[in-house]
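There are 4 protein chains.
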Amino acid sequence: MTYQEMIEKEAKLPLGERMDFVAIVTPNHMHFPPAKMALENGFHVLSDKPATFDLKEAKALEKLVKKTRLLYGLTHNYTGYPLVKQARDMVAGGKLGKIRKVVVEYPQGWLATHLEASGQKQADWRTDPKRSGAAGSIGDIGTHAENLAEYISGLEIKELAADITTFVKGRKLDDDGNVLLRFKGGAKGLLHCSQISVGEENNINIRVYGELGGIEWHQNEPNTMLVKWLEEPMQVYRTANGYLGSNAAAATRTPPAHPEGYLEAFANIYVNFANHIRAKLERRKLAKSDPALDYPKIKDAVRGMAFIEAVVKSSKNNARWTKLAK
Amino acid sequence: MTYQEMIEKEAKLPLGERMDFVAIVTPNHMHFPPAKMALENGFHVLSDKPATFDLKEAKALEKLVKKTRLLYGLTHNYTGYPLVKQARDMVAGGKLGKIRKVVVEYPQGWLATHLEASGQKQADWRTDPKRSGAAGSIGDIGTHAENLAEYISGLEIKELAADITTFVKGRKLDDDGNVLLRFKGGAKGLLHCSQISVGEENNINIRVYGELGGIEWHQNEPNTMLVKWLEEPMQVYRTANGYLGSNAAAATRTPPAHPEGYLEAFANIYVNFANHIRAKLERRKLAKSDPALDYPKIKDAVRGMAFIEAVVKSSKNNARWTKLAK
Amino acid sequence: MTYQEMIEKEAKLPLGERMDFVAIVTPNHMHFPPAKMALENGFHVLSDKPATFDLKEAKALEKLVKKTRLLYGLTHNYTGYPLVKQARDMVAGGKLGKIRKVVVEYPQGWLATHLEASGQKQADWRTDPKRSGAAGSIGDIGTHAENLAEYISGLEIKELAADITTFVKGRKLDDDGNVLLRFKGGAKGLLHCSQISVGEENNINIRVYGELGGIEWHQNEPNTMLVKWLEEPMQVYRTANGYLGSNAAAATRTPPAHPEGYLEAFANIYVNFANHIRAKLERRKLAKSDPALDYPKIKDAVRGMAFIEAVVKSSKNNARWTKLAK
Amino acid sequence: MTYQEMIEKEAKLPLGERMDFVAIVTPNHMHFPPAKMALENGFHVLSDKPATFDLKEAKALEKLVKKTRLLYGLTHNYTGYPLVKQARDMVAGGKLGKIRKVVVEYPQGWLATHLEASGQKQADWRTDPKRSGAAGSIGDIGTHAENLAEYISGLEIKELAADITTFVKGRKLDDDGNVLLRFKGGAKGLLHCSQISVGEENNINIRVYGELGGIEWHQNEPNTMLVKWLEEPMQVYRTANGYLGSNAAAATRTPPAHPEGYLEAFANIYVNFANHIRAKLERRKLAKSDPALDYPKIKDAVRGMAFIEAVVKSSKNNARWTKLAK
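Residue numbers (my numbering), protein chains in the order written: chain A, 1 to 326; chain B, 1 to 326; chain C, 1 to 326; chain D, 1 to 326.
To be clear, the hints were calculated from the coordinates, so they are not data collected in a lab.
When chains are identical, the list treats them as one kind, so a pair holds in a single copy or across two.
Straight-line distance between alpha carbons at most 27 Å, and here's what the computed DSS-like set of lysine-lysine pairs gives:
hint : residue 1 : residue 2
1    : Lys158    : Lys169
2    : Lys323    : Lys313
3    : Lys169    : Lys184
4    : Lys313    : Lys158
5    : Lys130    : Lys63
6    : Lys316    : Lys158
7    : Lys184    : Lys316
Next comes chain A alone, as it looks inside the complex:
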């Protein structure tokens, strides 16, 4: 059954019997068409990132979401980790003071060789501009880094200067990117991502420094977060402890040091999205702080595509400062 057939068939079912939302987990070029059709037929959408093939599609999607007033979620799953939520809340609560610097990285090594030549499925489409879009590593993992930085810091990237590279001969898209960041309000930063950093796993990580404190989090040990202070010893926050805030607690299933992982973080995006749908079905109004509203939305989708476009453009212009399109 094609997605078209599925959507048509479901759309004919009465409310209560038909599906609640469409989850899109296809390669990038196949994100927008099913999202569009789902929305047009009255279904909420939860989509893989990056949201669309290019920025133009993302803006069309945004219009459609606004018009249909349906829910749209984007699985930037790393924001589902309890300690990432804790970091965001600490920044928002002013615990670190005014933010000055953000360093965000997403190093991988799995494309250090010409893996796509072997026909490996994941490598095949991710390095193919027809299915992946204008960027390789920047679209696949750089957007996760961009989203994580904005989620935790609460700041918007204003402009960037990017130097992206294709290291592996024969590859059609970038497999490494180094980016200088300037945030609105004066904070500075660096973002780098790589698929040729031999020996690195999916180790997305971030450091945020404010006037009063700093935080550091790494996905390869996601239940630990370092919290740094001006004059006091560094603290080690661990998932599921009583000293964490309510959002971290709400995103946690197990007692302290019963490590939670990637699947639970991913599930947290789904849970919140599902709870939001449920509230809509039950016509309940959610408080602004309700965890059900805590998942990446169409705004993040557009920003991700604007980020990709800006990086590619900046890099083509020899790392000239480039603003993210609105």
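Chain A is fixed; fit chains B, C and D onto it per the hints.
Just chains B, C and D, lined up with the frame of chain A:
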């Protein structure tokens, strides 16, 4: 509905409609009665540890399991981690040489104060000899350590010398235990567990040293295992990489550095147990190396209770060497 | 020149020209004779550990030190690390509350093979009962662990139950030891040391838990100490920061994160000992809290030998509880 | 006594009685004048970094060193660590394959507040353009990062794009810098340094990735280096083990896991420089691989100043790519 009613009701249903197995997750004194009734009514059983209230019950259970030829599983969930399976396979494959020393620890801090006085539910029954059994920390977490040590090393504890303590005034059971171990075949070891080690989470961990190499694993970072060699640099094994063996791979759901946690480890016990049941239903004979057979069984259940009994007895005799009952 | 000739020659020189003290860095059986002769000729002594060949010699040495009123220091160098001093001060200041549990380890792997058969100099004398004494690993590294535990906890080991082993065929002394500890005042503990733990470097480490908090320190990363609390996040203390106490500060030479190591720790013992000598020469009275008094002394020397004797005796008696001789 | 008086006085002494070299440890603006006078009077020079106040002085110094044929050393002390030498040797030996990416960082937090306003001596001159030069953090710590990257990778930075910032109000020089790097031969990189990264100590660190492998080293744990491979588990190299090469061994004083630190690394620069002087005095010709030649020299001095100049210029031009002057 009581468990009795449930079992009676289900037993009346025809095969294919009735439940496949009973999962027991009650306090210790309520492990044996439902297990017994389930087995007597033809149901497989998957039970929390320790298996029973005392060794006598465990032996009765063992007889019943043998007689009914039904499946019995015990959720020593830490053996569900991929790298724990890798460790076991490396020892079994002779990679570390003959095993000489095992150090296994399970430190916690959550009972450092008289928490049960507050009526906290978990603290309440776990410190109550009527519901928990003859031991506190030794039964609750020491048995996990005992099981992990035997699982990875492939060795049986022959005898032990134990010094257990109740540090918190008013508590009725031990909240700390230090145990010297002697394994069959000559290996030596230490086991210690604690509920009063302030600041420690559920950090069960183990080190095993053989003539050629050693391994080290900690639950608070379960996707990492250190592997140590005589003359070569230490290696860091990480979940989900291609260099791991087939059992570790079979127990893994996600790509490298997408951390898996406690829930997945726990689920691995359930998965294997369920696959064993399925094989029985389909009258398929499983190879000895089939992952479906890799879960703690009635033998582990009896050993756990023999361990508790030996520790309590040894400690009463001022840490006299005490053999584990057969 | 022999040590006898040196001491005789120096003793004839006038004060101010002759040496200030004798440093003894020979194998164990050659600790007492030069120490004795030096003291009898009016020289202070700074000696390697263990202090003597056996407890009897240690007691004779103690008498001599008391009689001559000369200074005697013992290079338990691990107590020279700034964070070890910080740990001791935090315990003494009541920050951790009443101490309940001490876990101290000294694992090494360098004698996992029959290295002494190759004539390697260090292995040769350390495994030779005629030069090393009644114990191998227990004397060489177990005494460091014993000293570190008493230094930081401020508690005396009352009795112990030991199980020591010689794993390598042909070796004459123990190369591994597991020991249960009972401290005066009710604290419990474990001490284990090993020379056959493949892949372990000189990683002496300690954990101390009180009613309110705990500390953890490892020599392989000596500028970091973990501090654990009942309800608050774990803290990471680092050498040379302003939040440390005066004794840690006095033992530090460089700014934060300019790591200090083994040589500086060792030097700290020498510095304090030298400052004590200087005060004596200048007839200055030192306050009890003066860092110049902070080095292991004859009392530690006797305790170390009593520890060795008790471990060997306990192990011969199948780990029977054995008191440390006074 | 002024340095002028000292040099004049020493210059009058006969060879063998006069000093062998001058060590310069003053603020930056006072590096060149004494270096110049020392060289002109026949003395070798070992100087703090950055070598001079500006690039012009560095080039004058270079001429003088060439003309006098005297030795000039620069204390980029981090290159004195054994594992840094091991990393350089592994890269030079082709173990990592062709280098693709270098990430080098030097984060500090000690100037997160307006410390110089308090008159603190170190903060005072380091933030003063008259004594520190054209750059703050870039000159003080960025040059260390630049030197470490070139030392280990064996590659020269060709051009850079820099965005430097003064975050603390009232400060006269940059306290943070983010820099994109392009190396000769096609490798890419990032360098960032900061004095406002709250809670960071002197944690200079580097990651280098080649086609076959990668290395990672952090000064806050300098005796550990991670070595990463395409298909094999990550390895942990530790100072003083037998598997390390001869240069790492020559720079080590103690057995494995007797941690060495900053002072020993610093001393290694002095030792090599002193051995080079000795060889000259003894008219011995040194092999190209002799450790005595392994210390930063006038070429590094000029590159450091060219780096500072390029960063400041690039940043003034809004991060325009800027070549390092020859």
